[in-house]
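Q: Taking the hints into account, I'd like the entire structure generated from these sequences.
2 protein chains.
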Amino acid sequence: MSNTLAPLTAEAPLANWVGAVKRSELQKMLSAASSPDIISFALGLPAPEFFPREALSRAAAAVLASDARSLQYGPPSQLLKRQIVDLMTQRGVKCHEGQIFLTSGAQQGMNLLARLLLDTGGQVLAEEMIYTGFQQVIEPYQPNLLTIRADPETGMDVSAVESILERGARPAFIYAMSDGHNPLTVSLSLGNRKRLAELARKYHIPIMEDDAYGFLYYGAACVPPLRAFDDQWVFYIGSFSKTLGPGLRSGWIVLPESLIPKLSIVKEASDIDTTTFAQRTIAAFLEAEDFNQHLVRLRREYKMRRDAMLCSMRDHFPPQARWRVPDTGVFIWVELPSEVDAAAMLSVAIEKERVAFIPGQAFCVNENCRATNCMRLNFSNSSPELIEEGIKRLARAIGSYENESN
Amino acid sequence: MSNTLAPLTAEAPLANWVGAVKRSELQKMLSAASSPDIISFALGLPAPEFFPREALSRAAAAVLASDARSLQYGPPSQLLKRQIVDLMTQRGVKCHEGQIFLTSGAQQGMNLLARLLLDTGGQVLAEEMIYTGFQQVIEPYQPNLLTIRADPETGMDVSAVESILERGARPAFIYAMSDGHNPLTVSLSLGNRKRLAELARKYHIPIMEDDAYGFLYYGAACVPPLRAFDDQWVFYIGSFSKTLGPGLRSGWIVLPESLIPKLSIVKEASDIDTTTFAQRTIAAFLEAEDFNQHLVRLRREYKMRRDAMLCSMRDHFPPQARWRVPDTGVFIWVELPSEVDAAAMLSVAIEKERVAFIPGQAFCVNENCRATNCMRLNFSNSSPELIEEGIKRLARAIGSYENESN
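Here the protein sequences line up with chains S and U, keeping their order. Residue numbers for the first sequence follow the working numbering, so the first one is 1 and each next one is one higher. Residue numbers for the second sequence follow the working numbering, so the first one is 1 and each next one is one higher.
Check the hints yourself; a few may be wrong.
No distinction is drawn between identical chains; accordingly, a pair holds when it is met within one copy or between any pair of copies.
To be verified - Distance condition first, Cα-Cα at most 20 Å in a straight line; then the derived EDC-like pairs of lysine to aspartate or glutamate: (1) K262 <-> E139; (2) K94 <-> E353; (3) K28 <-> E268; (4) K194 <-> E268.
Hints are computed from structural coordinates only; laboratory data are not their basis.
A: In structure tokens:
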């Protein structure tokens, strides 16, 4: 019954913005790098060996046994909202259930907020080096992106934000990662957090605060996220992906209660509900288990991996390479000697040394931004042993690239 | 640490399209109608008592026990794609795994395709009475909606589609439900299916075929969906929501393989992955269980509910009321005497008789469309006993409304 009437070479015309999207050289390389013999420091994957599988299995069985509506359409889980309020308290944020909106992970959180706030061709204020997933979120809007510098030591240049707003710009929102910036790994100082929240309040510009890594900190008691300093203009995005498992697709937004009805319309149009099954399974898990103990273990294990990577880099990387110790998140940002082109070096690394990373330039949103000699390394998804081996290989790739260039 | 600096009455400015969205009187009424003492024929909910909970619980436990990556980010399940190819064969559609794209339910399928195909202000061709969830999907694009009539007896007016295209319109896509139209319940004839697919091919206009209810047919061997008559211009949307459980949020699109890379970009930006956990759980369920037997049971049970509703209506509704027997889906479309305003009658029905439905006008996309005396009744989510009681109540509401009007 398939069509045999006409030769079908034509293709459906796509939306304008799609035409501009190309699969990058980087994506092709990384897809080649998914082979199992490659040690990958490329993606921000959590370690599957720490997913609390048995406890989640018990939780899933319990919700399926107790209530058929765990597989039905349904209103968001009030129990899970209450539990998220408690988690937010631990992050230093006061909020209530009426301000919690459940999402299919942090990525959808960004997506729904962009749809709520941004018109096609509208303005967005962001750093010139940002998470590629956020770049993808705003791409369909073909936005006018106002960019500011981010310093690998101090993070977002809040003075630059201020002067842009002072000069009259009124972006639809500001995108910010105050803890464990992706890719720079830096966290904002307390002073800069307060100042940024104050600017949002003063100029009535919402901040989309992406806190995907906020629960993975390795230092002492952390400074709270931006949301702790303003409950009206900071829209906080959190996720269970890095702490329980991304395969559950569960995250949340904390935002002013008055916006929830509008956001519900956006969500309903997108995918109706966040999976009731996963919501209830997570809620049952949080009821039955000691999530804090799980987080403590996760931080301890990831800190060991971070430190293994730092030690190996110190032992094997060229002395001109620079990095800082990240206190939050799952990445290390490395500046190689300025003559190294990290994107070119990546193909050597993959082909000869079987090791992968993301070149810094991939995070740049414009051409003023220069990170050609930088790379982002993930430490959460490899064992300390593999990390050591991977860093040795990477050091050889850097060395051979340097030799070739000389 | 919450803000105390300024009185915060201002709100973030929202995207233009959001400003136009208002919570309707209908939504307020239906939200009031969620009380447990109300018999609701309003929403298109499947019956939770038929969800295969035990089998899904076994499947979930098996995938969690066998592989930590069942909670990880990951490529779409190849096994599930193969199983969907088999299901499509049962629907009379030939396709292969390379043409299957997994989604978070049919609603997301529509959403992703709209984003792929539609520009802001672009044209969409659809019937003047359509599924409200589809209306929500295109609303943010503020589209130019080209509408055609749909007949409750024969469905989409394919001649009208032809003349619109002949006159030169080139919409981004045509939205169609060839089986179990929501809300009209009608299915297109074989001839009209072939003709519509031919028009898509001739004019190079993609058809978004929404087959949410296609597996729930109550008659003899069904005519295959539009996708069976063209594999290049018909983009088919399917779902496990009505057959396994909407709380899993799992559906699929069948589309030309060449579009998968672009659609993957849209999906990644939306929510990265469709929950790996649900994908694998469903795949394990389909491996271990007899899904066909489950479908046979579901059809038998739903047919009993449909017939219970038809019998009760015949016994209790006023003689001027009209309906047809739906051969697919979970709704009955009823035309009441022309003087009845179903929306006004709904408030009587809810307040006095504790029974709810959706008034026909809610499905109209423009003012030319008149369905004020119509209502959509769902039969899948109430037992035959409740259906009988609910129809009696509804008959009383119609009667008392008629008396009041006279």
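Q: Hint by hint, say whether it matches the structure.
A: To see whether the hints hold, each was checked on the structure:
1. Taking identical chains as interchangeable, the C-alpha atoms of K262 and E139 lie at most 20 Å apart only when they sit on different chains, with a minimum of 13 Å there against 22 Å within one chain.
2. For the homomeric pair K94 and E353, neither the shortest alpha-carbon distance inside one copy (48 Å) nor that between copies (43 Å) is at most 20 Å.
3. Taking identical chains as interchangeable, the C-alpha atoms of K28 and E268 lie at most 20 Å apart only when they sit on different chains, with a minimum of 16 Å there against 34 Å within one chain.
4. In the homo-oligomer, the alpha carbons of K194 and E268 never lie at most 20 Å apart, since the shortest distance is 34 Å inside one protomer and 33 Å across protomers.
The structure fails to meet hints 2, 4 from the earlier list, while all remaining hints are met.
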